[in-house]
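The listed protein sequences derive, respectively, from chains R and S.
Quick note: the first sequence uses our numbering, first residue 28, plus one each step.
Quick note: the second sequence uses our numbering, first residue 28, plus one each step.
Heads up, some of the hints might be wrong.
Unchecked claim - For the chain R half of the interface with chain S, some residues (derived, Cβ under 7 Å), not all of them: (1) 59; (2) 66; (3) 186; (4) 189; (5) 198; (6) 199; (7) 226; (8) 228; (9) 230; (10) 255; (11) 257; (12) 295; (13) 298.
What the hints assert, rightly or not - Among chain R residues calculated to face chain S with C-beta under 7 Å, some are: (14) 117; (15) 148; (16) 152.
Just so you know, the hints here were simulated from the structure itself, not pulled from any lab data.
Computed from a prediction, not measured in an experiment: that's the story for all the values here.
Glycine included, every Cβ here is placed at the ideal spot set by N, Cα and C.
There are 2 protein chains.
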Amino acid sequence: MRIGLDIGGTKTDAVAVTDADEIVGRIRRPSGHGDEAVVADVVESVRELCAASDVSAADVTSVGIGIPGLVDTANGRVLHAVNLGVESLDLASVSSARLGVPVVVENDVKAAALGAAALRGESASMAYLNLGTGVAAGIVIDGAIWRGSRGTAGEVGHISVDPNGRVCSCGQRGCIETLCGGGALARAWGRPGSLPVRDIFDAADRGDGDALRLRADLFRGAAAAVRVLVLSADVESVVIGGGLTALGDRVGDGIRNALITDAKGSPFLRSLHLDERIELLPSGSPAAALGAALVGAHTPQKEIAAHG
Amino acid sequence: MRIGLDIGGTKTDAVAVTDADEIVGRIRRPSGHGDEAVVADVVESVRELCAASDVSAADVTSVGIGIPGLVDTANGRVLHAVNLGVESLDLASVSSARLGVPVVVENDVKAAALGAAALRGESASMAYLNLGTGVAAGIVIDGAIWRGSRGTAGEVGHISVDPNGRVCSCGQRGCIETLCGGGALARAWGRPGSLPVRDIFDAADRGDGDALRLRADLFRGAAAAVRVLVLSADVESVVIGGGLTALGDRVGDGIRNALITDAKGSPFLRSLHLDERIELLPSGSPAAALGAALVGAHTPQKEIAAHG
């Protein structure tokens with residue numbers, strides 16, 4: 028049995044996955060904050076999941092962890108996972124020592140990309156576009172995460188598409204993330220409320236001018252990200268997930284309409300049928316945890332020997 | 028011996044390549060125009076090259092052809108090669124029947140990408156960015172051309188980076204090609220002369236305002252293309268070629284400076300060291316013809332049987 032964990036800023040999603048890639052158990056629990064709490068979260072999630080799924084700890088062959096932040100996959104180290112209060116943590120080796128099984132750590136967006144591809148049965152070429160606080164994509168080619176040369180594959184959030192756009196947290200102007208990142212939208216909105224993007228949509232529905240502009244920005248930013256992914260890596264489809272997609276069709280239809288509108292004046296764009304090649308990840312999808320389990324199952328043999 | 032041809036709008040470059048990927052002969056001759064002239068060009072180029080390189084026709088095991096336009100590689104068909112006056116031509120099968128050897132046809136930019144990677148000894152991950160009349164890139168991953176799902180891999184020329192930019196021939200506004208494509212620059216310049224981009228550079232050197240703006244556009248467009256390639260496919264390096272690079276360092280230094288300037292305000296961009304990851308293809312490089320020869324050498328066995 029392979030276990031996959033998706034450790035988010037507020038909750039951890041854990042799934043038990045058979046050798047046939049079937050999910051046979053799932054639990055969710057609040058995430059910890061800080062190095063020790065994150066490690067305890069891993070150990071406790073595995074224990075709870077085994078109990079809930081009637082899986083013996085001895086039957087667990089691997090654990091994969093998807094986590095936000097910069098991940099050094101070769102060494103299982105997590106860097107700058109700001110939302111989890113982790114600056115640098117050898118998560119794989121510390122967790123593996125506690126659990127007695129091999130542990131692999133992966134960036135959460137890349138894990139979700141792999142999981143989404145598995146759930147769709149699409150292994151040839153797919154991108155997963157994550158619209159969360161920030162914006163990034165994971166690319167899956169021939170059933171494997173596309174890693175690129177230096178870890179910036181799928182970093183479409185920081186491609187500028189407007190030289191006169193808002194300044195991005197990265198220092199550039201007009202990045203895709205300034206248009207469709209939850210953090211950037213909340214800053215541009217600037218009004219109180221715990222769910223700023225939902226507030227923007229509700230206010231736009233009431234005709235508020237600022238909200239209408241920001242909602243349109245979200246749609247055109249996501250549409251730009253889809254175009255970049257297709258016109259560079261040429262993925263067949265783009266699955267869109269992340270916190271902002273909790274708004275469901277209100278987001279999905281808007282992005283689809285933006286793709287259609289942008290293609291109106293361009294026979295070239297129309298020939299790409301981009302509006303038919305996007306799909307929203309269903310709310311509550313276990314894609315990221317499943318992807319983590321799949322990553323974990325590909326533990327190199329030497330690592331199994333080291334911890335076995 | 029493998030032969031590679033790069034059929035351009037004005038001239039055809041032909042190389043003879045050993046099994047060790049070494050170029051042992053090269054000729055250049057004017058290109059033909061129209062279906063029959065292009066086929067005759069292929070046959071004549073092979074004949075001349077064999078004579079010049081002291082290679083017997085019987086020793087030629089494959090011919091690869093790089094050609095501008097849309098190429099259906101599976102069927103060896105060329106579509107919409109406007110500069111060559113070809114609308115639809117079964118170039119592989121017709122040429123193969125005349126030459127008695129297997130022939131493979133490939134888009135010229137993709138062939139040049141493969142050839143440039145071979146010349147640099149860079150096989151892991153590289154993009155070749157072609158700044159010609161239009162703008163497109165070829166991506167080489169693990170020594171093979173990255174094809175993507177629908178033939179739009181590397182079509183970075185038609186990613187919009189300015190919603191208020193000039194209208195592109197594709198119908199969108201502010202495409203990278205409107206900034207750094209030779210055709211778009213010539214249209215925007217609008218003055219007589221057979222080498223408009225050179226004229227723009229010369230006029231910019233004299234302080235002409237329009238020319239200064241267009242030259243800056245070229246640099247920022249190419250810099251944007253480099254960023255897109257690194258932040259999507261995450262290639263290690265970007266080799267830049269095409270007609271506009273005939274201006275050598277005047278173009279190369281400008282693109283490098285644009286990458287440095289754009290990164291000034293962004294620690295994220297600075298961390299990518301993009302200015303150190305670009306390189307101009309030397310003038311007269313046989314990259315495209317060599318790449319065509321390499322593509323031709325990978326003829327599927329069934330095709331050899333069919334024409335052998």
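Status of the hints after comparison with the structure:
no. : hint : verdict
1   : 59   : violated (28 Å)
2   : 66   : violated (28 Å)
3   : 186  : holds (5 Å)
4   : 189  : holds (6 Å)
5   : 198  : holds (3 Å)
6   : 199  : holds (5 Å)
7   : 226  : violated (26 Å)
8   : 228  : violated (22 Å)
9   : 230  : violated (23 Å)
10  : 255  : holds (6 Å)
11  : 257  : holds (6 Å)
12  : 295  : holds (4 Å)
13  : 298  : violated (9 Å)
14  : 117  : violated (23 Å)
15  : 148  : violated (15 Å)
16  : 152  : holds (5 Å)
Comparing the model with each numbered hint stated earlier shows that hints 1, 2, 7, 8, 9, 13, 14 and 15 do not hold.
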